[in-house]
Each structure stands twice: as C-alpha cells, then as structure tokens.
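As given, the protein sequences belong to chains A and B, one line each in that order. Under our numbering, the first residue of the first sequence carries the number -9, and numbering increases by one thereafter. Under our numbering, the first residue of the second sequence carries the number -9, and numbering increases by one thereafter.
Among the clues, some could well be false.
Same chains, same label: a pair holds when it works inside one copy or across any pair of copies.
Said to hold, decoys possible - With a cut-off of at most 25 Å between alpha-carbon atoms, the simulated BS3-like pairs for lysine-lysine come out as follows:
(1) LYS469 to LYS333
(2) LYS524 to LYS179
(3) LYS463 to LYS356
(4) LYS422 to LYS179
(5) LYS357 to LYS454
(6) LYS334 to LYS491
(7) LYS454 to LYS364
(8) LYS454 to LYS179
Hints are computed from structural coordinates only; laboratory data are not their basis.
There are 2 protein chains.
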Amino acid sequence: MLIPFLSPQKLSAITITCLTGFATVAIADEGMWLFNAPPLKQLKGKYNFEPTPQWLEHLQKASVRFNSGGSGSFISANGLVITNHHVGADALQMASSEQHNYLKDGFYAKTNAEEIKCSELELNVLVSTEDVTARVNVAVKAGMSSDEATKARGNAIAAIEKESKEKTGLRSDVITLYQGGAYHLYRYKRYDDVRIVFAPEQQMAFYGGDPDNFEYPRFDLDICIFRAYENGKPAKIDNYLKWNSRGPSDGELTFVSGSPGRTDRQLTVDELTDTRDRDVPNLLRMFNRREVLLAAWGQRSFENARRARDDFFGDQNNRKRYDGYLAALLDPEIWTLIEQREKKLRDAISRDPKLGSAISAYDRIKKAQAELVKIAPRYDYLEQERRSTVGYRGPRALYGSLFKYARLLTRAIDERAKPNGERIPAFRDSAKESLELELFSTEPVYDDYEILRLTDSLTDFAEKFGAENPLVKQILGGKSPRGRARELVTGTKLKDVAIRKELYRKDAAALQATHDPLLDLARMIDGPAREARKAHEAQEETMKQAYAEIANARFALEGTSNYPDATFTLRLSYGTVGGYEQDGKQIPAFTDFDGLYQRSAEHENKPPFDLPQRWIDKKSNLNLSTHFNFVSDADIIGGNSGSPVVNKAGEFVGIIFDGNIQSLVLDCIFSDKQARAVSVNSAAITEALRKIYDANALVDELTAAK
Amino acid sequence: MLIPFLSPQKLSAITITCLTGFATVAIADEGMWLFNAPPLKQLKGKYNFEPTPQWLEHLQKASVRFNSGGSGSFISANGLVITNHHVGADALQMASSEQHNYLKDGFYAKTNAEEIKCSELELNVLVSTEDVTARVNVAVKAGMSSDEATKARGNAIAAIEKESKEKTGLRSDVITLYQGGAYHLYRYKRYDDVRIVFAPEQQMAFYGGDPDNFEYPRFDLDICIFRAYENGKPAKIDNYLKWNSRGPSDGELTFVSGSPGRTDRQLTVDELTDTRDRDVPNLLRMFNRREVLLAAWGQRSFENARRARDDFFGDQNNRKRYDGYLAALLDPEIWTLIEQREKKLRDAISRDPKLGSAISAYDRIKKAQAELVKIAPRYDYLEQERRSTVGYRGPRALYGSLFKYARLLTRAIDERAKPNGERIPAFRDSAKESLELELFSTEPVYDDYEILRLTDSLTDFAEKFGAENPLVKQILGGKSPRGRARELVTGTKLKDVAIRKELYRKDAAALQATHDPLLDLARMIDGPAREARKAHEAQEETMKQAYAEIANARFALEGTSNYPDATFTLRLSYGTVGGYEQDGKQIPAFTDFDGLYQRSAEHENKPPFDLPQRWIDKKSNLNLSTHFNFVSDADIIGGNSGSPVVNKAGEFVGIIFDGNIQSLVLDCIFSDKQARAVSVNSAAITEALRKIYDANALVDELTAAK
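Construct the entire structure; sequences and hints are all you get.
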C-alpha cells in the first residue's frame, strides 16, 4: 500500500530537508510535476496532447489531500470524495467499537442521516499557489549562522503563512521546493466535517493481504467513500470528476493527480549509502519488531486483533516496502546507475567555472550526515521517530497514543508563549486546527494496548542505550518496562478528552502545577528531547543549504524543465496503461472478477484469500469479465494512495492504490521497465457497488443518474 | 516450548564455556542434580524420601536424550520411547512430503511394519559415568599459554574419548562440569534406528499456538512416540518406566529426569549485563526478522507454510522465550538479587586470605567479554551463530541447509588430515557418526525455501557490515543478495545425498579440484571464518579459566553440596505439583479436557484455538474431567522438553513440555514463587490414545495389558 513516509501533520511538525529534483532530464513517463509547471512539452511530444489551463485547474481543484496520509478526489456535486480503503482505515477504526467493526465488516449509509462523522480527519483542497521565494530568501542575510538562518527563514515563512491565513481564512502552508530553490505558498480549503458513506470489508479492500501487497496481478477493491460537509450540510462542489463507468483501455494515456509523500531521487551517493547501510536496516528492525509484537498479541483474541489491526497492517506494509527498497539499493545494477547519475552531475558542475564551488557541498553533506547519525538515537527515541509508522508521531521510546497526548499538551503550552515564527512548526498558528484535531481525538484508548506498546518501546529503549544509562533509569523510575508502562497507563487521566481540553486551556504555570504520571514524564524528558531536536535541526539546516547549492548548480545547467522531489503536495503524473514482463512471463494490464474467484478457489478460500460472504452469495449477479485492477507506468510513490486516475477527457477511470514490487525502486530512481502503478478500475467499482453492495443510490449519485 | 540453546552436536562443535554452580546453596525445590551426586539430604529433609541406588540407576537408564535437542524415556520393554511432539517435529517434518503431512495430520502405526524410519535421529542413553578430572588436568602444565592449554586439554579429552570408544564401543563424551572443576566421562548407548510410532496433529500438540506458548493454564497433547530398533528389530529394554494411567495428585512429590540445555546462573554481573544489553537484544532482532520472513512467505501458499512450519515455530518459540528472559533481566527486583548473589560470593572470597586472588578473575572475565563482543559479528556471521535456532548450525550470513552441507564437507576433509585432538570437536572421531548422520540427511531440500533464507541472510550480512565491506562484496560476487542466492542454490549439486557421499570420500586435493558454487564459497570464507573462531576460542579459554578460579573458590567455601549449571547432560530435578498466584488470581495445578473444549468455543474454534476434526467428532467418547496438563515447581529449562515426570514409585505420571512465562527467569536465577514446569498428564495421554486415536494396541503395550 502506498502509504507516505510522513503525513502532513508530520510534515509540519519537523524541519524537513526538502529534497528536490536534479535527476536526469525526464524521459519516458517520468515525473511528479507541479500543477503550475506541468510537463506540457512531454505530453505534446509523446502523446500530442495539450491540456488547457482550465483542464488543469479543474483536476487540481477536484483533487483532495487526506491529512491522515493519502490522496483522493471529489466525485459528485454534493461532496462525495473517494480515496483508498487503507487511507480511510484510520477513520473506520476510530468509528468502530467492540459492537461495530466497520473496518472488518464494511459500511454503507443509505441516507445522509446514516453517514458517520469522523473524529479526526481533515481534507485539504489546493485552491491557489503563489511563488514567495524572494520574500523568504530576503530574510536570510549573509553571514548568519545556520541557527540564525533557520530562525530567520522560519520567521519569514510563519509571517507569510499567518498573513495569508488572516487575509483569506484558508490553510496556508509555505512549501519548500527544489531544496529551497523555490518556496511556494499553498492555500488550501479545509474540510473538517467529513463523514463515512461507504467502505467494503477490509478483507475485500486488502484482498490477498500481505502476500499480495506490492504485487501484481491483483484483486483489491481498495476504496472508501466519504462526504465532505460544510455548515452541517453536504458541501457543494463545483470541481468534481465526472464518473466513467467503463474504465480505461489497454495503451490509453492516463493522468494521476495526488500528493506523493517523499522521494529520495536527489540524495547524494553518500547519503544513499547511509540510507542503505544504516537507516533502512534500522527501520526494518523496528517494523519487524512491531509486526511480531502486534501479530502475537492479535492472535490472543479477536478483540485484540481488531484493536491492533490498523497499526499491524501499517507495520507489515512498511516492512514489505522497505524490504523492497533495500533490495533495490543492494542491487549493483541500480547502484551503478545511482553512482553514474551523481558522477554526471558532478562532472558537469566541475567543468563549469561559475559552478565549481558547489562541489564542496557534497563534502558538507557527508559531514553533516555523519553528525546526524550520531544524534539519531537520541533524536529518534526521545524526540520523534524520523520516519514514523503511519498513525504514530512521537518518540520511539514511548510508543502509544497516551504519551503523544502528554507531549502535545506540554509542548503546546510551552510553545504558545513564544513568537509564532520561533515555534516548532506543529505548534504555529497555521497548524492550530490540525493540532487540536489530533489532541482532542475521540479515538478510543485501550489500556491493555497502550501497556503493550509502551512496554515494548521502553524495552527497545533500554536495549538501545543499555539498562544502566541514566536516562533509561530515570524514565523507568526503578521499575521494569512492564511495571512502568502499567503505572503510567493506569495512572494517567489523559485518556479523557474533556481533561485534555481542560489542560490545554491552562497556562504554563497552571500546567506545571498539575501532576499526572505522563505529563510528569513528558516534562522530565523535554530538555534532552529538545536538545536532540536542536542538534538535529542544525545539521539538517547545513544539509539543506548544501543541497540547495547543488540544486542551484543543476538548475543553472538544466534549466527549470524538471520536476522537484515529492513533498506530499499536489503533483501531476501520467502514464499509459500496459502490462510488463517478469521472469520471462507477460503480466497483462488488467485483471477481472473471474480471476478473483479463481484465486480464492486456489487457496481454498482461506485467509488472506477468503472472500466476504456476500461476494460468495452474489457471485452470479456479477459480470465476471468486468475489469477489476489495472497497471500503468505512471510515476507514483507513497502518498499517491487514493489518487484519481483520469483520462484525457478528465473523467475518473480508476484509483491508484499500490505499486508493484518493482516500483519500490522509484524511491530513488525512475524506471518504466517493470515498475507499475496499480489501480482499481472504475468499472469494477460501479459493478460491485450495484451488484454486491446494493448501493444503488450511491451509484446514481456518482453517475448523476438522478 | 523448552527447546535448548544447543543440541549435543552443537555442544561438540564449539568450545563451550561450561558454566557451573556457584548459586546460593539450594533451598526449596531448586537444582538440576547429577545422578551421581543426587540431592539426598534435601529429599530426606523436606520429603522424608530416600531413593535407593537402584531407583536412581533405573531412572537414569530409562532416560533418553534426543540429539535433535530434547529428552525422553523408555516406556515399554519393546523399545517404545516417549518425548514431546516438538522434539519429534524435525523427524516428522523430514518424513513428510507434499503428499503426506505427518506434522500437520498426525500419524499412527498400527503395526511395526507401518512405523517410519527417521532419516536423522540419534538417541543416547547414559549407561555409565567416570570422573576423569585428574587425567584432564594433568595435561595442562604451568606456564602454558591459553592456546596451548586449550590444545593440551583438547588432546587429553580426545584421547580419553577415543580410548573409551574403542574399549566399549559406546559413544564417549567428556563433560566439563563446574567450569572445569570436574571432568566426567559419560558413556552412552546409541540408537540410530529410530521409527515413528505415534504423533497427534501438531495443532493438538501445540494447541493455542504462540499465544499459549509459555503460558498456563494449558491444553496441549505435546507428545510423540518412537520405537528404538537394534539390528532391524524392536530394541529389548530392561530399564523402562512403568506406565501410571492415573497421573499425579495435587501436592504430590515428583521427579524429572532429563537433559537441561544450559543455564546462566553463574555468570558474573558483567557478563549478564552484556547478555541483557547486547546479546539477547541482538538475538531477538534475528528471531523477529526470521519470524516475519517465514510468516510472510508461509502465507503465500499452504505448501510454503508446510515447508517453513518447523523453522517458523522454532523462531516464534525463541522470540517468546528471549522476550521473557529479557523482561526478567530488566526487572530491577531480579537484577538486585543477581547483584546480591555476586556480592555475597565476592565478599566471602575477599575475606578468605587463601582465596583472595580469585577476585581478579572477575576483571579477566570482563576484559575477555569485551574482546568477545568485538569478535562477535565476524564469528556469528562467518563461523557460526553462537546460539543457533533449532535446526540450524552455521554462519548467520549463509542461512540454510545447503551452505551447511558445503561447510561440513570442506571442513570434514580438512580436519580429517589433523591429529584427532587438534580437530574442531564436531570433526573428531568420537563425533563421526553424528556428523555423517547430519551430512547424509535425506531431508528434502527445496530451492525456493533455500533461496528465501539465503537471500535474507545475505541481506542481513550486508546490513551488518555495510555493502561496501570487502568480504560482503566478495561473498556477493557483484550480485544482489537475491541474485547471488539464486545462483548458488540453482547451481549447486549438494542437494543430492549421493553427491555429498561421493565428495565426502575424496581427499583434500580431490575436493579442491571439485568446483561447485557452494563449495567454492565455503572455501573462500574458510580463512576469515577460522580466524574468527580462533580469536573467539582464545577469549573463551581465558574466561573458562577465570570462571574455574571463581568456581574453585566457591567450592572451597561451599563444599560440593551444590549442583552444576546445565550442560545438556542427564540431571535429576524434583518438585511438588501445585498451582500459583498471578495478578491476584489463583491458577490451579490441573486443567482438564472440558477446559480444552471451553477454550476452543471462546475462540470460535479458530486457529490457533481450533480442534482437529476427530477431537470434535469424538468428544462424547471422552471423560471430560480427565486431567490434561499440570504444573509443578521442579527446576527445569530448555532441553528438559520430553523429560518423564515420575512419582516416588518410579512410575511415569507425566511428561514435561514447557515452563510458564515466569519460569523464563530460571535461566539466571531459581524461583518457586510463580515459576512452574508444565507437563502433559499420563491420564490424558491414555484417554486420548484410546478414545480419540483408537490406538488400543499402543496403550496395551504401554500398560502391558497384553
């Protein structure tokens, strides 16, 4: 599943080294293009297609970003939004209880009244962009230290965001593109009243489970449909995608509009070496650990499995994704291409007397990287996991929702006292609504599940630093990891939203006087955690500047005809529908319902290849030759999950939900030989909604039949 | 499941720091006692029971060691041997095929003719012991270097073993007890024609799977029955245990006779600190990694799951076991006891002017330990995993059966040219039969499974040392881990037993001239691997001597009234049947069949709580109040799996198969507060064999009814 590394909340919470595009000039169907700098030349040259500004604006405004980490699109005039089931899973999980398991059993609201409001979901629609590069750059004066430069840039960005927010009322984010080669102000219309309309059984959305994840051929109905509301009524949407019930044909040109999370295509060989030899192995150890923890716990009872399901799938997905990425990095053929790409650029820079000084940036990156490696353990375990699993943002030593609340509360109140521009980004005024949405989430908190994860992460912490480490001893407070976790979880009052709201209203002194085991702990480690953050940010700033120098040199050589690395903001990709060869065998572009039933039969209908009962009962209703999933060579990555696939007429013909295993290399280098994006066909969605789920009112709305 | 750290083959293959007993003097039901130094005083004092020499000899000779890693006992005059299902699992797996899955479906041979011969199974019965301490010690002269001392001791031991083997025809092993405080020559009668008689479905043997593993209450029929043959006929056994069909009663004194694998009760605080902070976390990362690898692969098809089942269960078991052990080491209460134990001994040594010099041994251990840590990565990845998963002995970088064969072949031929005493123990004359049994195993080799494991372990290797490491590059040979694994596995001829036999007959020069990708690889890394072994052994020798000094000082203080640490040799434990308190709740000593059916119902009969079909069909046949499993406070550890539990009359009343989660602390310190050994009741075995499996002939033989 294409889950991004970082959700937008995460993006705003840390200083990101925004890495951008000095790839080789895009050929083939490469590229995650800005909507204000689309690949017009390539589309004209290869496909003789010239999208109009109106065509682009319509698609942009019909595209929706899910701040739980994914993409989607409006598909009706009354606010229907479609995304992937795995993007909506968080919301389904939160809406579920011991009595109603919507994640497992699916959900369909026949009427507006039956729709379920999500407790913590924000949709963003990009309504305008503005180049603010000059205004940001002017704030950074020659001779400033790294620290001063960060602060000056942060202040400038915060001021721009605040001004825009006040002027327009829109969520306003300054996005760093091309490593600081450009800063664009993105204004988003926010929808925070979002309701669940339809979800199939997770079993059907994620049919084939982990074995089929990142594989093709595929048979997944990975969709989830919401409705955006405004002022308590279904939102009126001008720009929505027209539903095409036929789906695309083999060889057809299609477009993907979504928010790819992050690519590493511009990293230096030195940094990719560290990624390969240290960073990814370290992440894999964490995912392996959590996958085993949650699998073992989930096996104990159905209710355990339900509680952990979403996190468990996230960990499995990350594990498979990073396994594939690591395999690509360990492939000497790919590594040689990476080395050649850098050598080519370095040679070109060296040859140009005006650019030559940029070469020293490579060494600065290497040095800063080495420093980051030293800081990494303290930063990860005390401040926050750099590349979090989906659904968690917090220090690795204290995994779970409860410590996250304690951290957010104490930090929110401390940061509030500072000038807006000097705050940690997640606590700036522009991020206030997102912060409160997270902090006041009504997601249920389960003591046993919190104790499980906290015990494990405290153990992990003790393993990493040694049980005699003073900080370890201080955090454990003379208890075993399990004893301490039990004490913290059973002793805290932060489970109660009302109490979190009450505490949030306090000032620093009043909060200081409030004692709660988790708040006390959050305060106790705040000093070392902030120190680690500061050290981390200083090196990131150095790297950012060095990468910007290289990027500038590349722009001088290549011009602006290239796309920047992914930044979890809206991008346009394109590609043709088509199969590929694997182990000497041709994999066709389409699967169909018939193939689904065959696959189930081969596996004796056993998990994860079992069909939901209604798919068995209603088989005869279906046209079995309906195309189910398809692949194209569009350039996508985690975060593109739920992106609409549209045809030249701008109609919805499918929805991205995955890449095949060969696509995992796209993180660091593009390839269209075998790498494919995997989508659900709009034809299958229409057929299943009508014939399996009896969701005729919904299909009527989609197809505007009524 | 109580699987030992090291099988006897592993024991003979590496120089072990045999750690022995300077625990506090045994109180309660503590101790894994030597049969030639039984706890007569304790039994008399606490239970007023005085076993006769005949009683002891009978039990000793009725006890059987499984060299696949476990214990068992003779239970009929015609060679029937009972052990745990998980001890017999290797044999069941090897006997299975795509057509017959005896591990999954169970097996029962109604007649001798239907019994299945095992391809790689050796049973050892301890027939005599002899103290050879003086003869070993005299070989080590004052002023010898560590290296010379190791060699001299090795030569002396090899000579003793060889002489004994030649004189008696018996397997003869010199066992190091009390860290070299004593050397005993153990003579074993070997049985290598062993046939499978009965096994229940693995589902029933391991009912409750990973969630119930190391837990109590419990409902497992963890048994497997073999028959030993001699000269093609059922072996005639004089010393076998009389079957008691009633099982033990609450509070009854019982005895356990088996081969506990290894305890760490005498490690210094420094070494246990390393165990806690580095060694166990490192092992857990490996088990997590393998558990995830095999779970993911097993999910792809039933046949994959079958092929990986045994290794998968082994990894899960180890993971849970080490999780529990680590939790104990991270418990400050337990750690304080460990520190106090050492302080008490150190103080006593310091106070005694004759012993004071032994204090310096603690520092020597600490220094040697630090050196071992440095060598550890090369030793583990190139030479062999120090604490192997069950079923694998070889370097961690090259996981799988095929490289193991390549290593054994090249080493066997190289070592053969050396004097017996200078060889690596696994290649000495005394170990020849075990070596050949392993090397010529007819266990099926599956290309896909070998490629899977080899790809993963090569990736693990690259992660550990970095992809640019010269040895990594040399071993990968310019390929990706997967590419290299595929090339090695598809290119080798070692899958064929006949070829392995042919190669084994060659001399060094002829083998050198034979090219096979895996043999070439084994030769390529033999130099660095042997270097790592040598460096490792030198430090182990230093530690061994230092531990022996401490042990000697302890003996001077405590006398010989204590038991040595476990060494996977025969020991006698004892304890009373009885429940315990947990989280304020009383856990009763016995479970019954009724509880099994209740547990299944609570979990809707879904895996791993599902019942085999015949247990559902024949429920009404059973007396549901029959005691199924029970707990006692006997002092057991991994390797005790399959140990008979006998009453004062020497009758078989049950069979050890596990410890509860609290018993995992027994590795490093004894406790009878909550730690319990878990057994199958003989009453349940009798009832199930007759009423569920219709194995009347078998029960008749057990109960000598015919």
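Each hint tested on the structure:
For the identical chains of this complex, LYS469 and LYS333 are inter-copy neighbours only, at 22 Å across copies versus 54 Å inside a copy, given an alpha-carbon limit of 25 Å. In this homomeric assembly, LYS524 and LYS179 never come within 25 Å of each other (Cα to Cα): the closest approach is 33 Å inside a single copy and 68 Å across copies. Within a single copy, LYS463 and LYS356 get their C-alpha atoms only as close as 34 Å, which misses the 25 Å cut-off; across copies the closest is 23 Å, which meets it. Taking the shortest alpha-carbon separations for LYS422 and LYS179, only the intra-copy value of 15 Å comes in at or below 25 Å, while the best inter-copy value is 77 Å.
Taking the shortest alpha-carbon separations for LYS357 and LYS454, both the intra-copy value of 24 Å and the inter-copy value of 22 Å come in at or below 25 Å. In this assembly of identical chains, LYS334 and LYS491 lie within 25 Å of each other by CA distance neither inside one copy nor across copies; the values are 56 Å within and 54 Å between. For a Cα distance limit of 25 Å, the shortest separation of LYS454 from LYS364 qualifies both inside one copy, at 13 Å, and across copies, at 17 Å. Taking the shortest Cα distances, LYS454 and LYS179 never come within 25 Å of each other, neither inside one copy (43 Å) nor across copies (47 Å).
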